[in-house]
Amino acid sequence: MGYLIPEVLLAGGALLALLAVAMLPNAKNLGSWIVLLAMLAAGVDAASMWGVTAKLIMSDTMAIDKYSILVTEFVLLAGASSLLLAWNADRFGAELPPLMAISVLGMMTLGTAANLMVVFVGIELLSLPLYILAASTRTRAGGEAALKYLLLGAFSSGILLFGMALLYGATSSLTFVVYPAITAANTWLLWSGLGLVLVGIAFKLAIVPFHMWVPDVYEGSPTPVTHLMAFGTKVGAAIILLRLLAFGFYGQDGSWGTLIGYLAVLTMIVGNLLAVPQLNLKRLLGYSGIGHAGFLLVGIATHSVDGANAMMFYLLPYGLAAMAVFGVLRLIEGQGDEVTLSDLRGMAYRRPWLAAVLIVGMLSFAGIPLTGGFVGKFFLLQAALFASQPGLAVGIVVGTLVGLFAYLRPLQMLFQRTEVSAKVQHLRWSVAGAVVLGVAVVGTIGIGVYPAPLVHIVSQSANFYWLTGG
Amino acid sequence: MLWIFLLGIPLVGAFVTLAVSNGVAKVTAEVIAGIEVLAFIAFLVGPRATLDLSWIPAWGIRFHLTADGLALFLLGLTAVMSLVAIFASKADYGRTYFFWVLFLEFASMGLFGAVDLFLFYVFWELVLIPVFFLLTGWSGARGRLAALKWLIMNLFGSLFMLIGVVAVAVIYQQNTGHFSFEIASLTHLAISPAAQPWIFGSFALAFAIKAPLWPFHGWMPDAYGEAPPPITSLVAGVLSKAGVFGFLRVMLPIFAPELARYQTGLLIWVAVGLVYGAFMAVRQRDMKMVTAYASLSHLSMIALGIFSLTAAGIVGATFLMVAHGLMVGGLFLILGVVEERIGHREFNGVMGLNQGAPRLATYFLFFALAALGLPGLPGFAGEYMIIQGLVAHEVVFAGIAGFVLVVAAWYMLRLFQGIMQGRPNAPAVADLSRGQVAWLVPMALLIVVIGVWPAGITSQAVPSLFHAVHFVADRGGKN
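So the protein lines, in turn, are chains A and B. Following the working numbering, the numbering of the first sequence begins with 1 at its first residue and continues without gaps. Following the working numbering, the numbering of the second sequence begins with 1 at its first residue and continues without gaps.
Since the hints were made in silico from the structure, they are not lab data. One or more of the hints may lead you astray.
Partial chain A-side listing against chain B, Cβ under 10 Å, derived [what the hints assert, rightly or not]:
#1 LEU363
#2 ALA366
#3 VAL375
Footprint (simulated), chain A over chain B, 3 or more residues, beta carbon under 8 Å [as the list claims (entries may be wrong)]:
#4 130 to 139
#5 244 to 252
#6 402 to 414
Even for Gly, the Cβ is constructed at its ideal location relative to N, Cα and C.
Taking the hints into account, I'd like the entire structure generated from these sequences.
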């Protein structure tokens, strides 16, 4: 049972924080401190398990391996950075830290899931707190975002659950890791079930054409919550998609590999294309996040160890860049919830260091060398070409080119000399925000300049050797 | 070890410049660029240095830089032109400007030194970023558009080249069973005939856009026109060499057989650009544009030398790259001074500026004569070698190149006469200041030195081009 200590620590932290904020309503940041420490403890404990040999626990419903450990670290980074972005901001409500902890717990559960029921529990644990958090500023936009997210989330959960039922009907098992061994499965039911499950996960991952909810929800939610959605949810949904397909359906890449490949190209291009005309930065990042989900799908579509590694690798630079950009947004927005392109005017002259952070984050999104984003794209290209799928490689390049337009416009705004926007003039640094930005910049450039350690780590974690081409 | 200094001085210096106050940023940058020139001189007299470190072992990627004869003088060109550009910049541009200039120097140094394909690509994209921000923040009214055009057009080529880079490495891995991005080991690849033209094209497109070669010069008029003069001189003088340098550094070793197969087509392509650039230069009314299109034409001349696939042509191209960098860089700087004095870039009829500003006119004439290929100055030596390389087997293209030299004299002298000679119809302008002469004299001296002693460069370059020359000899002694 020692394998679930990180989850237990985080769940305990969430409950304790919930009690603490209820009993000591005047203690500033108490809940945040409790959750942050629980996250740190969980992270340290998970790291200490790195030498584990892969095994199934809890009656074969959960898998503990290097993959799940790495996922745990990623989502804890997402959770901790979101928490730090919300530091000292009472207007989000005292219940924000425990809710974030529960959401992160859901993501960690997804990392270990080997059983469809656990997948569903993980997705619901992840989503339910986010529905509440989206409305935590109690603004009109926040309410609208929460309602949209709730309705579409419930809808997609229903589809997911229906698909799982069909899969159960086809195989008489909910433990998907044993599916390849079941030869007597009813193929028709199996494929229908898989299709519906894919749709359900595609909603969470915001794959075109299931991406409609993203911009409104991102725009209406408080920035720290948007960051958790952009980083954490994306990690959770992407890694469960990979785990499900790589473990449960690896024999039939001919059917789903091609489908995922087309979805990947579509998502990369459409997501980035829609990001170009956006004036609200959170909307822009929402669409760009859709585009990045497309890049992640490339790794899955190649159906190879390289692809799995590449997808796993891509998650971290993406998340770090999101930390940099959302961190800057959080500092600019101050007491508001909205940052538009014109709020960035003149930042390079008035706030050069903050502008530098934004530049690093955006360039990493765009995939420029010496940032982590470049190595991630390079890794994906390599996986695509090793899998003899030049179409995917061209898709990556076209998606990146389109995305450039979206990322360059904010950067050009920074150098607008004419007038400095009011928000930039009255901006105040916060220690917690500075920590997030520091980690993001050091991480982004660190991975870009010396990616060898991370390459080594992911090559151990997503080492699904039974995949073709490995 | 020397390499660490050569890369480290501008990189660390860039951040130092960012940390000092705006008032002393220019002086700081000057000192750093000066130290970099000294470091390069140490390079020149010291042993031929290389730096070879393991970088991403899982993919066989190495941090491998070397200063062979091909790269050595381009590194020198980068060091000298960066120093001159910083001298010629206005102090009130602020520290961020000088940060980007020094960062550009760092990236260019890496680009010319890299012999690992991955590393080459990293620097290849990295040089785009400083220029993008310099165009965005410190250029004319349409600078922002120029910046976007510069980055998007160049990345369009570069990203497809990235597919090519990865494809080459993947093919190598499939051929041999292990990874390597070392350019020297990527020769003799068994590329499938279906993929061959695509991979070849992905590299050629990226190099052609960066140079730029016709018809991929869409970004050039805006970027050259809008950038402040020091940046134009750096882009035209140094970065444009990166494109043609790519043909020599990357394509000649990896795609030697393909280059031979497509030779006639490539020659026709660059010959069209050669003539197009020259005639576009003749009909421009904007003095910066005359030089821009002249530069386009010169780069086609360099490419013509490379695609001649003869030893003489390739050595001539290598030489002309360095010479052209100094000449065109200097010309753009002088035009910057003229523009600053008269307030616009048009030249209608004659303006007679030489009456009031004789020193300005003299230096202008010197650089113009160098650019049009006057014997004794380096343009002539380079063009002579290129034509020599073409005469033996591609005499038609030799004829075209010779014809374009005549056109070059036409547009350059027209520019000089239009601005400097005749009865003054514009108010007299101030002559060059002492500070400006201070950086023009060393440049002019350098140009004279390599003009009268081209062997100083070519004798170094030939051993490095051994592979290429060897390849040419294999094809039946076409040299």
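Comparing the hints with the structure gives:
1. Interface restraint check: LEU363(A) against chain B, minimum CB-CB distance 7 Å, threshold 10 Å, status holds.
2. Evaluation of the ALA366(A) hint against chain B yields a held restraint, the C-beta minimum of about 9 Å falling below 10 Å.
3. For VAL375(A), the shortest C-beta to C-beta distance to chain B is roughly 8 Å, which falls under 10 Å, so the interface hint holds.
4. Using a Cβ-Cβ cut-off of 8 Å, 4 residues of the stretch 130 to 139 of chain B lie near chain A, which meets the minimum of three, so the contact claim holds.
5. Coverage of the stretch 244 to 252 of chain B by chain A is violated [criterion: at least 3 residues with CB-CB distance below 8 Å; count 0].
6. With a cut-off of 8 Å between beta carbons, the stretch 402 to 414 of chain B has 0 residues touching chain A; three or more are needed, and the interface restraint is violated.
Comparing the model with each numbered hint stated earlier shows that hints 5 and 6 do not hold.
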